[in-house]
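Protein chains in written order, with the working numbering: chain A, 47 to 189; chain B, 25 to 764.
Derived by calculation from the structure, the hints in this document are not laboratory data.
Treat the hints loosely; a few may be bogus.
Unchecked claim - In the DSS-like style, the derived pairs of lysine-lysine whose C-alpha atoms are separated by at most 30 Å in a straight line are:
#1 K76/A to K173/A
#2 K76/A to K99/A
#3 K671/B to K693/B
#4 K74/A to K578/B
#5 K367/B to K281/B
#6 K74/A to K455/B
#7 K281/B to K265/B
#8 K76/A to K281/B
#9 K99/A to K74/A
#10 K173/A to K157/A
#11 K428/B to K407/B
#12 K173/A to K99/A
#13 K112/B to K34/B
#14 K157/A to K539/B
#15 K671/B to K578/B
#16 K578/B to K72/A
#17 K72/A to K557/B
#18 K455/B to K428/B
#19 K76/A to K265/B
#20 K157/A to K74/A
#21 K557/B to K157/A
#22 K157/A to K76/A
#23 K72/A to K173/A
#24 K101/B to K125/B
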Amino acid sequence: MSSEQSDNQIRILLVDDDPAEHILLKRKLKSAEDSSIDLDYVSDIGSAVDVVKAGGIDMIFLDNRLVPNNDFRETAPQLRGAGFIGPIGIISSDISGRYFEQFRDFGVDFKIGKDEIDGTVINFIIKEYTQDQLSETCSEDYM
Amino acid sequence: MQPSPENLLKALYETLPDPVLIVNEHRIIVAANPAAAEKFGYSTDELSGMEPLALYESIEDAKEVGAALYPIGDDIKMLHRRLSLRRKDGSVFPAELTVSKLDSSGDEPIGLVALVRDLSEIYQVQEERLRAEAILNTALASISEGFVVYDDQDRLVLCNDAYRDIYPICNPAMQIGATFESIVRYGVDRGQYPDAGETQEEREAWIAQRLQRHRNPGEPFVQRVRPDRFLLVEERITEDKLHVGVRTDVSVLSQAKSEAERLGLIIENVAQEVYLASMTREQLISANKAARDNLQYSMEELRELSAADFIVGSTEEERAVLMAPIVSGETKVQVFNTVHRRKDGSTYPCRVRLERMDDLHEPLALAFVEDITERLEIENALKQKEHEFQTLVRNLPDFITRAKPDTTLTYVNEHYARSVGLAPEDMIGRKFMDFVPETERQVLAEHLAGLTQEQPLNTAEQAMPTLSGETLWYLWSNLMVFENGEPVELVSVGRDITEVREAQDRIARQSRELKLRNSALEQFSAVVSHDLKAPLRQIRLFADMIAEDVSAGKTDDLATFSGYISQRSEAMEEMTSSLLEYSQLAYQRINPENFQLSEALNLAWNNLAVNVGEAQATLDVEGDVTVYADFNLLTQLFQNLFANSLKYRQPHSAVEIKARARHVPDGLKIDVEDNGIGIDPEQAERIFGVFQRLHADEKLYSGTGIGLALCRRIIESHDGSIYLDTSCQDGARFVVMLPA
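So that you can see chain B by itself, here it is in the shape it has in the complex (with noise of 0.2 Å):
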């Protein structure tokens, strides 16, 4: 039976798998298939007289569906929209109403036919593929690879947000559709390939080349995007056609190679000796340029040469015993000398450092050796020179030390050490403040903490007792070394300055003694001056008082003023006799010698002889000893004092003198001690002055008053001293020292 078109379209009713809802022109759901049933959730009986409105979502849908469908006219074909719609359970579900009209057999609309479709789905479906591309946008973003595709056509399909970074400059012309051409020839015209070339063919063969290898793809390639930058370019076709890529910034990889060949071209090229050498084949593997100049030989003479072919410094069993430690593992690093031998017989003595390399897929020795021809000639030198130096260091005076800033002694030379009396050895370790004396430390201590970076250097004089007992100085020198801001060493130089401070002392003694003889000499011109100015003046006048007076015919005062004459004329020739005297006797060179002192003080008593027989004077002497001096000069002296005391002798009464001599630390002490009228210990120091009188009366102490003067002379001529003692009482002590 042929089904007729009615039951066609009920059939398609009832089993359309899509909600079908049939709305009178009153908007009342006059009929529903069961899908609407089961899409809705009502029954077909429940949807039939139920008004459409309770299956929109928002009333305004409802109402927007409503307008455009009511009334039911002409003017309406057909409604398309999608909206959401409410199940009975309050469920909604996105859905898309076809609105068609229901016309009658008359043409005459009588309802409308809505067509529902389930879109739940299909929405879902567009959100997993959404959610999709996300997380594979979201991972190309991730990688820090450059990722491209490309269609079958070479059009731009996606490239992540690294693969634009790396490429910067084609950047904008990365436009999703723009061809794998295109975009390379925009970068190479704006420079993105730096190995593109610089003329228009360069470039144009480079792109074709390009071009070549990603439509062929093979193994990856590096490509450098910027001067220092390089990429590893990994391409490939899919099964689907699409062109595929990868970028890898390789510019780390890149500089690492570049820096591995630049170290071996290094390495190659330095001067040392530099051998890599296979342990178990005990085989060379390499030599650098130095090595095989050096050994004359090829580097493949030198693969097949053994080490005891060019290696002569030490037998094959002294190198395996050397070598022991290196090929068991025991030691890394082994450093010796010995000597190589070059392809023509010579030689030449090398130190090599030969270190064992594990890491590798066989143990390797690699050795740097180093001709020491040259240093050994220069340690030889210094040796030399050092021996030198020690020889110097030994043989000069003065002392050597370098100390720690603690002064704990690091070098003593010879001489210092001798000079303690210890072995340079054994004060080495020691305090440098353990030799110096105890009444010098506290100086000496201040004085090194006074050296600093901005005055290293200073000196100090020291006086060092010797184990003689002697006592010498010292200059020493101490020179602080500092390295970066701290004391490191000190170095201490003490030269022997004993002759040079005697003779300072002996220079400063000397000028003393030039002070006092040129204050003696214009002391003697003052009183000659004056004393020989004044009777000369007194005479003169004198005189031409007597011829004033003669002229006048007075002769009362005649014979006083020439008497006056006369008396001043005596003293002019005592004074002159006495000038010349000291003259002759103070300035005259000592001619010293041993004598008993006796004989110079018995010879100067009886030059007395008429004085002390007038002054019944007697003279007792204590002490006989060895004297080393002038005799002359001493005598004199002696005879001076002895006439002083018989000058100055108490009115009636003998004069005794006693003289007295003894040695004393300080030399030796002569006291010349008489009886007489004493001086004042007030004029103690002035009567040694030339022309010193105490008494003006010249007819109880007559004389010039030069004696003492020159006893004073003579005495320090000997390097001696003569003074009053004023603790005498009775009479008059002169105290004559003598130098030891």
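Okay, chain A solo, but in the shape it has when bound (with noise of 0.2 Å):
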């Protein structure tokens, strides 16, 4: 596992069999000129759940096929069942299948493919679930 992270930062941890998208990530990280984000990265579900347990995640970028399970649908549930209570977000290369519907059923917050991933988008994410975890009409009821 490899982890950049500073107090007062953003951690989210990347799970993805394949090392090219750990520096793909990172480039893009980069690229977005945020150094509040701090991404660590493992490459299967078991060093995954270690980490969460270990805590200090804040989000989790989920590959959708990790050797040698079939999808999301028998990996996000490990991670929920390891105690992690923050947001959890599916990427692929592809999410037209037809079960990327049910993410939700499966403790998966998002879905996004991975061609989408940007800086921005990686701003946006991390706006709308850790920095602003309230709706404005919700936020408006505590005022």
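Assembling the complex is the task here: the two chains are given apart, and the hints tell you how they should meet.
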């Protein structure tokens, strides 16, 4: 596992059996010039579970197909089972499969094509799921 | 000597049979004749000096008579009265009392003379007459016949109630003393007599005839007094010129007569031939129109014929034998077929029902003859149809049975009997259930119990073993026939649907295969879209990154990025090749043939010679058997399995592969076992998917993950199966099953 983290920063865990994806994501985060994000990387779900149990992860980008598992329906529940309550996003080269429609049933918060991931999208997701947990309507209730 | 008037009076007084009492002006009896003494039971002496009061039964009568006569004066001439008198013994008798004044010589009334006439006998006679009248009236009223008497002037003297009931319309005119003619006219005018005619002339003529008959009675005749009521009129004149008439209701007799006439008419006109013959004279008495027309003889001609003249269906001897039981009276009815010959010589077959009739003055034979020409034609046609039906049923491949509701067989076609191994006649009388496999009986019993008048037909599929041990499937259609709500017959037809079921199974299997293929295609497209898009995307991104770094003058990561590009390009090439291989093999038609399994195993092993040498692998084949399969595909299957064993071997260890083939009840079982790293049992099914790899480390275990998917496609195309034996502990063991 690689880790680049500092205090008061967002820690994102990338789970992907292709190390090239780690390199690519790192590059995209770098392009986004957002230094508040720390990207951790593991290549299998077992390691991801260990990282989650260790704590400190704010968000997980989970590759849909992690060998030898079929798809996220087998891996995402393992992360939830490890006690992770933060947002989990499924990333895949192809999210057109019909089973992706059921992602919420398996503890997944969003799905996104790997092609779509860039700095803007990552900032938006971080804002949506980590910094602004309450919707405007809900926030008003607390005012 | 000439008797003096005094002597005559005295003699009359003495001999008069009626009592005579002389009473004086003081109401004292002064004299009484012997008849009085005898009637009242007193002596004449006792009567003399008595007061008459003692002779009255009631004091009222005595007072009234006394008041009327006393004091005796000129105004009283005579008293005449009926009353009751009392004898000395207290008995009473009715009497007629006549009292006259008794004048003296000076015409001075000196007393009264009372003449008593005993009315007992007269009353008795009257009572007897009244009783006789009552008896007569009762008798007349009690008889159902109408009874009437007219006097010599034709005036109504009497009639009973029945007579009045018979002529209800005339009843108001039936007054005693009314003439017969007036009563008849009254009835004619008001419709009492339906046959009296409509016009005045007709009625007058009818009345005249009626009067004529009445005045000169002769034979009884029938008269209609209502449309449905008939009377027998009997009239006679007595010696004292009284017209006595009796009316008897003969409606029933008339109706019976008309019914007999109607029956005769029906018999005459019925289409069936009817003959009546004398058995003693052996001669036809009568024949109806159908008989005459069909035989073409008149009745007179028929009476002249003997039986032999028109009955030609049998010889005289045969007829004699046939008729003997009837002639002797042994039997009453005889039915037989014969042939009649017409006058023109043509013949026709007929059925005769001959009945002996003994209740008449001579034994007669009544014959009903039916021309059965058409019937025979129909019967022959029916026989032909029956024959055709039997032929059809015999040749039908279906099983056909008829049975009682309790499944006792009454008919079995040959085809069914043959399948059971019995003759049809040996099955009849046995229960249908006896021939149903025991395992199916309960289901069939429930099935039959479910047949109702509302739903008399249902069907059920049933497996039936044949005599050769083969199991065939039959679709049984069971129809329960109901009559008056009760089941009377079970008709069952069984059709062999084995081929249909096999076709259905085949279609189901093909559907399953199609589903699998569709699933594989879906998976294939999903994998292609993912696993081919992923490296392409990466290549593009790494190329972009290289461009960016070059523009920025950075060169540190260029080698890494270009390395990824090369790696991804190679992976894509491999995948493309694998997909091509999969598409070529997975869906090709198989060309099965018989070959030795060892041939395919050896060829597969030799194709991997380089890898085998590198892995220092050995192959141990056990049980060389003949296989019916596609040689090339099966070789490819074993090649992939061997390649898998070579790839996933234990590091630093020689690969040992064992192939073991043996026949099992379901077919041929081939195990391919290695001593490699083995496979997690949880992945036992997943490994057969396209591009499914269990190891991400390409450096250790490279490959596209398509080999086992191909193995499954190849074996499924042979209707076989392949699976991972998860019980294998040391290495991996794949089991290949090929159908027998």
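Honestly, which of those hints from before does the structure not fit?
5, 6, 7, 8, 15, 19
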